[in-house]
Amino acid sequence: MYSAETALWCALLAPFCIGFVCTALPGARIALRVMCGCMFATALAGCIAIQAVYKTGPVRLASGWLFLDPLSAFHYGVLLLVFCLSSVYALLYFGQELRTGRMDRRQGRLFSGLWCFACAAMTLVLLSNNLGIMWVGIEATTLVTAFLICIQVSRQSVEATWKYIIICSVGMAFAFTGTLLIGASAKGLQLGSHDVLLWTVLRDSACGLEPRLIQAAFIFLLVGYGTKAGLAPMHSWLPDAHTQAPSPVSALFSGFLLSTAMYCIMRYIPLVEAATGTTGWSRRLMIGFGMFSILIAAVFIVSQKNLKRFLAYSSIEHIGIIALGLGLGGVGVFAALFHTLNHAVCKTLAFFAAGRLGQLFGTYELREIKGALHRSPVWGGGLFAAILALIGVAPFSLFMSEFLILKAAMDSSLFLVSALLLAGLGTVFICALGYLLPLCWQQSPHGNPDRGVFITAEAFLVYIPLITLLALGLWMPESLQSILREAAHIISGTTTASAIAGIGP
Amino acid sequence: MIEFIEILLMLLILFDLALLGVSRLKTCITISSLQGMLLGIFTVLAHTQGLTLRIALIAAAAFVLKGFLFPRLLGRSIREASVSLELEPYIGYIPSVIAGLALLGASLWLGAKLPLSSAIGIPLVVPAALMTFFTGLFLIIARKNALTQCLGYIIVENGIYIIGVASVVEIPMLVELGILLDASVAVLVMGVAIYHINREFDHIETDRLDTLKG
Amino acid sequence: MQAAVFTNLALGLVLAPLLSGIINRTKAAVAGRKGQPLLQAYFDIYKNLRKGAVYSTTASWLFRAGPVVGLAAAVAALCIVPASGSAAALAFAGDLVLFAYVLGLARFFTVLAALDTGSSFEGMGASREVFFAALAEPALLAGLATVARKTGTLSLTEMISTASANSPELVLVLAALGIVFLCENCRIPFDDPTTHLELTMIHEVMVLDHSGPDFAFIQYGAALKAWVLGSLIVGILLPAFSSSRPLMLACFVGAMFLLAVTVGLIESGMARLRLLRVPQLLAAASALSVFAFMLVVR
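Residue numbers (the numbering used here), protein chains in the order written: chain A, 1 to 505; chain B, 1 to 214; chain C, 1 to 298.
If a hint is listed, it holds; no wrong ones were tucked in.
If you anchor each label on the Cβ, the simulated ranges turn out as follows:
1) A:Pro377 / B:Leu85: 55 to 63 Å
2) C:Thr58 / B:Glu205: 45 to 53 Å
3) B:Leu51 / A:Thr279: 41 to 49 Å
4) B:Gly50 / C:Gly94: 45 to 53 Å
5) B:His203 / A:Leu433: 38 to 46 Å
6) B:Arg208 / A:Thr279: 41 to 49 Å
7) A:Gly95 / B:Leu181: 30 to 38 Å
8) A:Gln156 / B:Phe4: 45 to 53 Å
9) A:Gln156 / C:Val297: 48 to 56 Å
10) C:Val30 / B:Phe4: 32 to 40 Å
11) B:Leu51 / A:Gln156: 50 to 58 Å
Keep in mind that the hints were calculated from the coordinates and are not lab data. No residue lacks a Cβ here, since even glycine has one placed at the ideal position from N, Cα and C.
Start from the sequences, fold in the hints, and give me the full structure.
Written out as structure tokens, the structure is:
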């Protein structure tokens with residue numbers, strides 16, 4: 001236990017400290033390398049802690065203010081995976097930018113520092129047991145990542161940054177009001193100031209919370225954290241930010257920033273359900289927001305001209321799917337968590353590929369990127385496979401999780417929801433293929449492929465996520481199943497083992 | 001004492017209405033600064049029975065941050081961007097005040113409806129908090145100038161702060177300080193963003209930030 | 001009781017023109033001038049009464065009715081508003097609505113008379129007058145409604161005898177009524193009574209074509225209106241603290257003169273607002289009144 005706690009402290013504090021170091025280093029490349037090394041060291045420490053959670057139960061720190069239970073451990077695992085992959089990618093991507101002079105030394109250092117701070121802030125969100133600290137962490141991610149968007153200053157990126165800051169700050173204000181209302185609803189419990197916002201304490205005494213205040217609080221929280229998660233109709237910052245940010249940052253945003261906010265909502269669902277007497281009120285809200293996001297994303301994907309914008313709307317769609325899964329309950333929660341992992345891996349890969357192709361072609365306009373497979377087999381192939389996986393083609397694991405969510409919807413005889421879900425997914429499928437085929441296969445006007453510039457690390461960045469997605473789609477290891485089951489148990493409060501027993505090819 | 005706090009809260013609401021009807025940015029900033037100072041005084045007055053070091057610290061932090069630091073930061077941005085007036089907002093000043101009165105009505109109604117038993121037993125607290133919150137949101141939505149939007153964010157924070165002080169007394173100190181810190185960093189970040197906008201676009205009218213669509 | 005009512009009426013009828021004299025003397029004193037005589041308004045009225053009236057051939061009976069109705073309405077308003085802690089001549093439940101609309105009637109006829117001249121110039125003044133009145137009226141009505149709700153009565157006499165300015169809502173109402181007072185009496189910052197620069201005038205421009213006794217009526221009516229609105233403000237501000245009539249009377253008259261001095265000081269301290277700004281100030285007054293009303297209703 002002792003070593004797990006130490007490891008967790010290291011994993012939380014190391015990125016924070018290294019962030020300062022990075023901004024002080026002389027060169028951009030050395031800063032990027034230090035940042036990369038720091039991420040892997042953090043990942044190592046984090047893995048030790050995660051392992052301890054699954055072996056011996058939740059790890060508690062700082063007299064219960066910070067803790068790691070299966071739900072947060074699962075998310076923490078995803079976070080570490082996304083950060084490690086994106087850090088390596090950032091090294092390659094910004095290496096190219098530095099070579100071509102599109103980025104200067106100061107920006108490189110700033111990026112490395114902010115990147116580490118972002119990691120620390122998101123870790124804080126996942127670790128905090130105190131709902132107030134959780135909010136502080138989320139707000140910190142907003143502030144830190146704001147300048148990641150406009151690290152390469154241009155008119156568009158500044159505009160996107162402003163939209164991101166103002167919309168997300170207001171969202172965070174809503175979330176904070178919700179947090180306060182949660183605290184106010186616990187007034188009847190006579191908790192001390194140390195316990196009043198502790199999630200574990202509130203969960204144990206959720207029945208004593210004032211139901212009407214809890215409902216008001218959940219609406220505020222859903223709108224607030226939903227803004228950050230990119231749920232429609234609060235999503236309007238998301239496409240702009242994803243398009244204008246450098247690709248490693250887009251990958252991080254899509255891969256994990258959105259999930260961090262979803263994680264906060266996940267924490268509140270069991271509280272609300274217990275306090276309102278398991279009427280499914282909060283779940284119905286989640287279904288509503290989830291469906292709306294899927295449909296809005298499907299409508300907007302129909303007429304996209306920009307590759308990264310298309311991927312951004314796809315993120316809204318997938319966040320909607322996760323919210324829908326959470327709303328359906330039962331096996332849906334399990335599937336939503338599984339989908340979180342799948343989407344993180346897959347969307348990270350998609351943005352990696354989009355970013356490198358963008359560097360090659362000098363644009364992200366779908367009209368002008370042609371014959372990507374010919375031009376760069378590694379990244380073209382990566383993008384091709386990633387988008388296929390994103391739209392739910394069969395052997396990939398996203399198909400599995402989406403299928404499970406559809407099954408959950410059918411099981412609870414929500415046929416309208418199922419039909420709308422299928423319609424949304426179908427629209428995205430058709431449109432995405434429409435964009436993808438010319439993008440990959442059409443004859444390129446640009447002539448020669450430049451196969452020479454790639455190094456093996458890039459191939460790894462493509463193949464590791466792809467193989468993960470394929471493998472998870474074909475066979476889910478027993479350990480992952482139990483991890484997901486435990487995490488889902490925390491959200492739904494009831495055991496889902498029986499519902500999951502019949503799953504798995 | 002209760003009457004005094006009531007008067008304080010009425011002044012807060014009056015400041016909200018004034019913010020909606022004033023076009024000069026400097027006046028807006030002064031009003032927000034006064035409002036911030038009122039919040040600091042309010043914190044102390046609301047807890048005269050059990051005035052602890054914790055509450056005194058929070059009150060002092062609010063007083064200094066909201067009363068002096070934020071206005072100073074915004075004032076600097078005004079000088080840098082050399083704007084003094086909010087020109088042609090989406091919703092004009094008189095309609096804004098009328099909307100503000102409607103919002104006030106809504107706040108009073110909601111305040112009566114929400115079972116937020118305020119810790120200090122003053123019925124006007126929750127409506128005043130909600131009104132301030134809504135005013136901030138309204139400023140963000142109805143104004144074009146990036147600075148006014150930033151000001152709106154500060155006002156929203158003020159509203160939340162009142163809820164926090166009045167209804168949940170027991171929030172741990174660390175959390176409250178974290179929140180105040182976050183708010184000030186947010187204002188700082190917005191200030192830097194406004195600086196960038198001004199440098200890239202030569203203006204800070206957000207309705208003219210329209211390159212990204214779809 | 002009867003005696004008190006008649007004293008009040010007589011006081012209003014006699015002292016009303018004195019207010020403008022006090023305002024002017026205050027302004028002169030602040031500016032370091034000697035100023036016009038205190039009784040200048042009386043002299044003006046007397047002078048105009050002795051003169052003959054000139055009527056345009058195109059003007060109809062409306063033009064002649066304007067000043068008469070205006071004066072009659074002002075006298076009626078004087079009968080409704082209580083003063084110096086005693087009942088008004090006319091007191092019944094709901095008289096505050098009558099009060100507001102008696103003032104409205106006076107304005108209506110003044111405007112009609114101005115329009116009747118057919119001069120585009122007076123039409124412009126009428127348009128401005130109506131525009132500002134439309135904004136000032138909600139402030140007055142909501143303010144009166146607030147006091148009515150607060151005191152639980154619909155009669156001005158009872159309202160003013162029970163109201164006392166120690167509640168914050170009434171302070172808000174008083175502020176709003178103060179702004180309305182300045183607006184209705186065409187004082188700075190709404191209108192500059194000393195200027196004859198046509199483009200900036202509001203009230204003055206409407207009565208340019210009136211002459212002789214008609215103009216005297218208008219001047220006297222305006223003075224009475226100022227007295228009536230002033231006694232409303234003083235009534236809310238000044239509680240009936242003593243049962244001694246002479247003391248109350250003295251306090252009332254003193255407060256009215258003090259009000260006039262305050263107006264004089266305000267006029268010395270600030271300039272006329274740009275015409276575009278005037279609606280904003282009136283909207284602020286309305287906002288204050290409505291806010292106070294919401295507070296008492298909640």
